[in-house]
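Read off the chains here:
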Amino acid sequence: MPSAAEYMRSVKEKVREVDPKDARDAAGLNGASANGAGSGVPARLIDVREQQEFEESHIPGATHVPRGYLESRIEGAAPDRSEHLILYCASGNRSALAARTLREELGYENVESLTGGITLWKDRGYDVEVPRALTAEQRSRYSRHLLLPEVGIEGQLKLLDAKVLLLGAGGLGSPTALYLAAAGVGTLGIVDDDEVDVSNLQRQVIHTTDRVGEPKVDSAETSIHAINPEVEVVKYNARLDASNIMEIIEGYDIIVDGVDNFPTRYLLNDATVRLQIPVVSASILGFDGQLAIFKPYDGPCYRCLYPSPPPAELAPSCGANGVLGVLPGTMGLLQATEVIKLIVGSGDPLVGRLLLYDALAASFTELKVRRDPECPICSRDPESISEEEMGVFPDYEAFCAAAG
Amino acid sequence: MSVVKIPPVLRSYTGGEKEVPAEGSSVGQVLTALAERHPDTRGQLFGEDGALNRFVNVYLNDEDVRVLDGLDTPVTERDTVVILPAMAGG
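Protein chains in written order, with this note's numbering: chain A, 348 to 751; chain B, 144 to 233.
Treat the hints as calculated values from the structure; they're not laboratory data. One or more hints might be untrue.
[To be verified] 20 Å max Cα-Cα, derived DMTMM-like pairs, lysine to aspartate or glutamate:
1) LYS715(A) to GLU179(B)
2) LYS161(B) to GLU660(A)
3) LYS161(B) to ASP212(B)
4) LYS161(B) to ASP705(A)
5) LYS161(B) to GLU364(A)
6) LYS715(A) to ASP222(B)
[Stated by the list, open to error] Label pairs and their computed distance ranges (CB to CB):
7) ALA194(B) to ASN591(A): 34 to 42 Å
8) GLU162(B) to GLU430(A): 54 to 62 Å
9) GLU501(A) to GLU206(B): 49 to 57 Å
[Stated by the list, open to error] Some chain A residues flagged as far from chain B (calculated, every beta-carbon gap over 12 Å):
10) PHE401
11) SER628
12) PRO647
13) SER731
Built from N, CA and C at the ideal position, the CB exists for glycine as well.
Just chain B, with the same shape it has in the complex (with noise of 0.2 Å):
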């Protein structure tokens, strides 16, 4: 299973886990099994039309999904999901 890491907003949607594991061969379905496992991530994650939400930066180690396959990029057991969200803290 790979790891999917959440960030700090996201963690009261996932009962304050900073890592979830998820099954998948993909990273959509990665992602989805993720929402599947905390339901309230689902709408953070993903519009209405599944596609993923533009704010949300998703990555696949250390490369953005966006200049890979997007949620088609495939992911092995190795591979960590990073879950980026924008901060604008000072």
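Chain A on its own, in the form it takes in the complex (with noise of 0.2 Å):
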């Protein structure tokens, strides 16, 4: 049997290895663009080592690919056989094991491994990548979200800086509040000046029995650090007017909407759209339903879709009207999806789309909604939408009379 050493020498032998110059060339990160033989596509740094090791530091724009996962990832990573792939370790070992295997076993056809791996690397004054990392907490607590490609460590990271204003912590709000907090997203605004009532426990499963009485931002805090010590919530006791209202939004970077009643609905859509800010909009009424993404200027607004709101005698509240308990728990969850979609990054938002849900008849539908080119506020430029005119709508005065 051969020794360790001159085992490693002999894959060596069957291996093509490059040194670190001629792969930041071929990689493109010499400043320069790429030669990689002469074709324009730069070669893809894929770095074998284990999860610590490439958290640590690695090489800008390389992929990961831990060796002992080799076989069952290389394909996610690099699909096409033919691309030119640059492996590297740490002093150039096990990229050499990989490269063979990658070769030999899996067909690729321009495999290299960089000699001396990310140590030499590093002593020839090449850049390297420190990223940001999760602890070892949040790798176990987020284990299921860093598993999914389409959210992975960038997705999550991203979740953990989000900023979230949750419009009311009521129906819609609970169920929204609690998965974004078990989710991650950093910070959690809420806007709510009742107190837990007795009637809310039906449905509004972020207050318990024994808080009946409290202010419900306070409810609200207290379930979400149990879920998750590490969200910030930042509580607004208050009723969403138009003398706050440019003050609480302003730096959030997704507004969830769950708000019982239309004037508030139509100053949130003004103020957002001046600021330009995604609202993650649902409502309930009975057994129905509706849910839409209002993304300012990249779709229609609220306004587009409502250009006045209904008399008072179609436009019950669920107080008057009575809701089923779990139906803005159904809604309420496509809002947290479609809020979590929007910060990752993944699939497609639902904009200039609107979804009913029938929860008696267990359908689902979807409209078109688009935006409206004479729209009052979003066909104008936003800094031209004044604050006097936020939330007025036609028969604005008469509306909140007969709403008393």
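Two chains, two frames, some hints: make the complex.
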């Protein structure tokens, strides 16, 4: 049997090795454009070390495929077997073994192993990236997200950095807040001036029987921290109105609208168009729910969909008309899903579409929503939307008088 | 005959019916047929001038009739007319 050193020598004879300088040129990291085989397509760097080593530092732009998962994950990272791949590890041994596997077992035609690994790369003074890492506790808590390519570490870091404002800690806001907290959204603002009432508990699952009488924002904070103490909760024990809206919403990345009245929905629309903040909006009544994202200037706004609100007799509230307790759960979690998609940038967001849910029929219907070229708000320059006109709609005074 | 989907807030005006079949070759005719069959819906759908109320959204299948030809939009027997209410419950 050969010694380990003899074995490594024989492996390296079978793979092509590349000097750090040539690798840097081929990968297009030399500040000029790539000159890899004159093709103009830069070589792909693949880091085959362990997770912890990769997190400490890696070559910029490198794809991480630990050697232990090489065979199962390489196709996801590099589906084209003719692509120019440069593998590296710490000193050049593991990458040579991995390069041999790719070439001999998996049919990759153009594989090289970096001589001296990232150690020699650093000795030459070439750049490395020291990424922000998750703590061990975070890696464990969010492990099911990290396993999803659509989220992964990058997506989880985006979630941890995100600031989401929830309007209302009621039927819709309760499930949304719980799941966004569990998902690791870093900052959750909550606006609600109400106190927990026993009649809320049929659907507002963030509150508990022993917290009846407490301000909803305090009760919500208690539940959020019980799930995830890392979330920063910003409480606004206030009713959103024209006097405070700009101050409250500015600085948030996404707003989750679960408010229970039309004047506030119009006010919110106008303020968020002005500040260009996307709103994930849902509403519920009885057994029916509606869901849409209003993303200013990318899609329609609330006024494009509903130019004016219905008269009070056609706009009953849940208080007056009842609501199936699980319905806001369903709709709130659809909202939470859209919020997470917007943050991590995956999938097709519900922009320009309205989703209707009929719980009794167990059916979803999707309608198209278009930007109104004559929309009184979003057809204009955001700077031109004045605070005086925000939230005002035709017959506003009569509406509010009728609504009491 | 086409089918008109009635939203929950209007079902008290249609005797609880969720879907009402209605004759007509345009959206306007279909809605007029609905209003003849259930007269209480008329005041909710149309203003005194006969135009659709601003707060009523009407879809032909999945498209807003405002981006089609409004009440003149042609309707076939296989089409569904959806009356969409704004809701504000949370």
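Enumerated hints in conflict with the structure, sorted upward: 1, 3, 5, 9, 11 and 12
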